[in-house]
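**Q** Below are the chains, spelled out letter by letter.
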Amino acid sequence: MFELQVKSKSRSELIDITAQIEKLLGEKGLEDSFVYIFCPHTTAGLVINEGHDENVSRDFIDIMNDLIPWNNNYKHLEGNSAAHIKSILTGCSLNLYYGDNKLDLGRWQRVFLAEFDGPRKRTIKIREKS
Amino acid sequence: MFELQVKSKSRSELIDITAQIEKLLGEKGLEDSFVYIFCPHTTAGLVINEGHDENVSRDFIDIMNDLIPWNNNYKHLEGNSAAHIKSILTGCSLNLYYGDNKLDLGRWQRVFLAEFDGPRKRTIKIREKS
Amino acid sequence: MFELQVKSKSRSELIDITAQIEKLLGEKGLEDSFVYIFCPHTTAGLVINEGHDENVSRDFIDIMNDLIPWNNNYKHLEGNSAAHIKSILTGCSLNLYYGDNKLDLGRWQRVFLAEFDGPRKRTIKIREKS
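For the protein sequence lines, the chains are A, B and C, in the order given. Its first residue numbered 863, the first sequence is counted upward by one per residue in our numbering. Its first residue numbered 863, the second sequence is counted upward by one per residue in our numbering. Its first residue numbered 863, the third sequence is counted upward by one per residue in our numbering.
Just so you know, the hints here were simulated from the structure itself, not pulled from any lab data. One or more of the hints may lead you astray.
It does not matter which identical chain is meant; a pair holds if it fits inside one copy or across any two.
[What the hints assert, rightly or not] Here are the simulated DMTMM-like cross-link-like pairs (lysine to aspartate or glutamate), alpha carbons at most 20 Å apart as the crow flies:
hint, residue 1, residue 2
1, Lys-937, Glu-916
2, Lys-937, Asp-878
3, Lys-964, Glu-889
4, Lys-937, Asp-915
5, Lys-871, Asp-894
6, Lys-937, Glu-889
7, Lys-937, Glu-865
8, Lys-937, Glu-893
9, Lys-871, Asp-962
10, Lys-991, Asp-962
11, Lys-964, Glu-990
12, Lys-937, Asp-962
13, Lys-991, Glu-916
14, Lys-991, Asp-966
15, Lys-964, Asp-928
16, Lys-991, Asp-878
17, Lys-983, Glu-940
18, Lys-987, Asp-928
19, Lys-890, Asp-924
20, Lys-937, Asp-924
21, Lys-987, Asp-966
22, Lys-991, Asp-915
23, Lys-885, Asp-915
As the structure is a prediction and not an experimental result, all values here were calculated from the model.
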């Protein structure tokens, strides 16, 4: 099991972690196999989408803030219910194929940590699946 | 393949099934391996999130009801389109690592059956992935 | 690795690809195993839900259009931010068990390509997981 450390800078943002994952898997000498990527946090998630234009990530964050407002008479008293809800909707794990020293993604796809309650230090767990 | 029976009590609720899953896997003698958890229903789902304060689950259910109202001039005539839509958005399968007699979850994470059209009896399928 | 070609006809629609996947896996001679289904596109996704009444799919598409409107002062200038956002929320991969010449789905479940920026030709990748 490998771990990746990611530091977010805003309350809500998508952070492209594709290069970090590929670098780590390369260093560990992984060859063709499935990898399991897991976010053990309840106010963050993992998503895949277009990484060429950062505005796509911004539009995603904006819509999520519109649909799930930070202040909304939530019952959970810690004040971050919106982040928990967004995390449920994005999900916290990904399965990807790794071969030829890279993740098998579509041309425009990148892997993102979805931060919904930052800034924080986050840990991502990665496991090889034979 | 193992099966878990879960009984919901409300139309919409998150039911923490973590202990039930771990008990079953322990009884079956599973050791370190990935497990695949599958919900074969179209008006329920599986999610992972914070299980310490039940209000987080309530806030999630409330927001989902706001965004996807039960009555909304749906074309589907059985009256439960909202439940189908919520089920699509949460998803119906999870992959988790099981080791040391427990699911490898983050400190605050629990596994929930997301009921969107209860009360009903639900079946969850669990498979070991070598 | 197998590939499936799917042609969408509208901007937004769910296309039932269950039979196409099962036919392909049958032709390849697959026996009991997990399959990994991956959509390498950033404006489409993969979902599982009820396939008996097509109105469920229409209700899903309608709600998604209400929540994430096509025109919304998005920052991404290509005009299809709504499709990217919907793709993030549905996700782009599925893990399913295949045995007895069919996908192990619930009675009412079917596998759909979720098109959000069609009409287009889409490619779905399928891998056997031992």
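**Q** Could you work out which of the previously given hints the structure breaks and list their numbers from low to high?
**A** Hint check: 5, 6, 7, 8, 9, 12, 13, 15, 16, 18, 19, 22 and 23 fail, others pass.
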